[in-house]
Amino acid sequence: SQKIEQNSEALNIQEGKTATLTCNYTNYSPAYLQWYRQDPGRGPVFLLLIRENEKEKRKERLKVTFDTTLKQSLFHITASQPADSATYLCALTPGGSYIPTFGRGTSLIVHP
Amino acid sequence: DTEVTQTPKHLVMGMTNKKSLKCEQHMGHRAMYWYKQKAKKPPELMFVYSYEKLSINESVPSRFSPECPNSSLLNLHLHALQPEDSALYLCASSQAPGASGETQYFGPGTRLLVL
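Which chain is which? The protein sequence lines are S and R, in order. Using my numbering, you'd call the opening residue of the first sequence number -5 and step up by one each time. Using my numbering, you'd call the opening residue of the second sequence number 255 and step up by one each time.
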């Protein structure tokens, strides 16, 4: 069956360090992959989208990589700040569809 | 205007009540979605409206009834809910069904508690 795996344990890091979150998937052929941020009790907010033929995307302090051979995406936040503390969800959309399926998310806690 | 709004923010209802959740967007998006999210779980797709027509119903119980009165509005009518239906209900929209590279714009959600 199709699975999207994100680390269920919270990631704790010190302010200023780079946070790296992982999204692994099985039995999927995603046409593109997205990362969203979700704060407690709020709706997810779109951050970045990367297509299957792209290796890397950047936006300000954010970087996403996509390895379709390893079936993995890495999401990096450089120079992390306490305000980056949130849950980060990856979402995969298969070819021929426009509807993403979400992973359960990884909680990031940035300590001052 | 890049916002999706949802009302109410919070809702407490008994199992015999009838209530409605409302969602609105003015971005000209032609796909609108309802999701249900429990704590520490991913959003689960419930319904998709494409050009104001119901295109996907993910085997949701009939006590949830969606409605799309026009291209900007989406309602979710609730009747005879169960306590296990307590969750965060999220509305989302995206530009055009079938367009490649769809990103979803989510509302803030309605926190529903069924007693």
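Since the hints were derived computationally from the structure, they do not count as laboratory data. You may find that some hints are simply not true.
[Claimed, not checked] Here are a few chain R residues that face chain S, going by a calculated C-beta distance under 10 Å:
no.: 1; residue: Thr261
no.: 2; residue: Leu265
no.: 3; residue: Gln291
no.: 4; residue: Glu298
no.: 5; residue: Ser304
no.: 6; residue: Tyr305
no.: 7; residue: Lys307
no.: 8; residue: Val314
no.: 9; residue: Ser319
no.: 10; residue: Ala334
no.: 11; residue: Leu344
no.: 12; residue: Cys345
no.: 13; residue: Arg365
[What the hints assert, rightly or not] Computed cross-link-like contacts, DSBU-like style, restricted to lysine-lysine with a CA-CA straight-line distance of at most 30 Å:
no.: 14; chain 1: R; residue 1: Lys294; chain 2: S; residue 2: Lys57
no.: 15; chain 1: S; residue 1: Lys65; chain 2: S; residue 2: Lys51
no.: 16; chain 1: S; residue 1: Lys11; chain 2: R; residue 2: Lys294
no.: 17; chain 1: S; residue 1: Lys51; chain 2: S; residue 2: Lys(-3)
no.: 18; chain 1: R; residue 1: Lys276; chain 2: S; residue 2: Lys57
no.: 19; chain 1: S; residue 1: Lys65; chain 2: R; residue 2: Lys290
Heads up, the beta-carbon is just placed ideally off N, CA and C, and yes, glycines get one too.
Notebook entry, point to check: How about R/Lys307: closest beta carbon in chain S under 10 Å, or not?
Noted result: violated, 15 Å
Next item on the list: Return the status of the interface hint for R/Val314: holds when the least beta-carbon distance to chain S is below 10 Å, violated otherwise.
Entry: violated, 15 Å
Note to self: R/Ser319 was flagged as interface toward chain S. Is the shortest Cβ-Cβ separation under 10 Å?
What the structure shows: With Cβ-Cβ at 20 Å, over 10 Å, it is violated.
Margin query: For a C-alpha distance cap of 30 Å, please report whether S/Lys11 and R/Lys294 respect it.
Written below: The given pair, whose Cα atoms are some 25 Å apart, holds under the 30 Å limit.
Note to self: Take the shortest C-beta to C-beta distance between R/Leu344 and chain S; is it under 10 Å?
What the structure shows: Interface hint status for R/Leu344: holds (5 Å vs cutoff 10 Å).
Notebook entry, point to check: Regarding the hint that R/Gln291 lies at the interface with chain S, is the smallest CB-CB distance below 10 Å?
Noted result: holds, 9 Å
Item checked: Proposed interface contact between R/Thr261 and chain S, which counts if any beta carbon pair is under 10 Å -> Interface hint status for R/Thr261: violated (13 Å vs cutoff 10 Å).
Checklist line | R/Arg365 as an interface hint toward chain S, with CB separation required under 10 Å | finding: Hint on R/Arg365: holds, closest Cβ of chain S at ~6 Å, below 10 Å.
Next item on the list: Given the hint that S/Lys65 pairs with S/Lys51, test it: the Cα-Cα distance must not exceed 30 Å.
Entry: Measuring from Cα to Cα gives roughly 16 Å; hence the hint holds.
Notebook entry, point to check: If you take the shortest Cβ to Cβ gap from R/Tyr305 to chain S, is it below 10 Å?
Noted result: violated, 13 Å
Notebook entry, point to check: Straight-line Cα separation of R/Lys276 and S/Lys57 no greater than 30 Å?
Noted result: violated, 35 Å
Margin query: Given the hinted pair S/Lys65 and R/Lys290, is their Cα-Cα distance within 30 Å?
Written below: holds, 27 Å
Violation of the numbered hints given earlier is confined to hints 1, 2, 6, 7, 8, 9, 10, 18; the remaining hints are satisfied by the structure.
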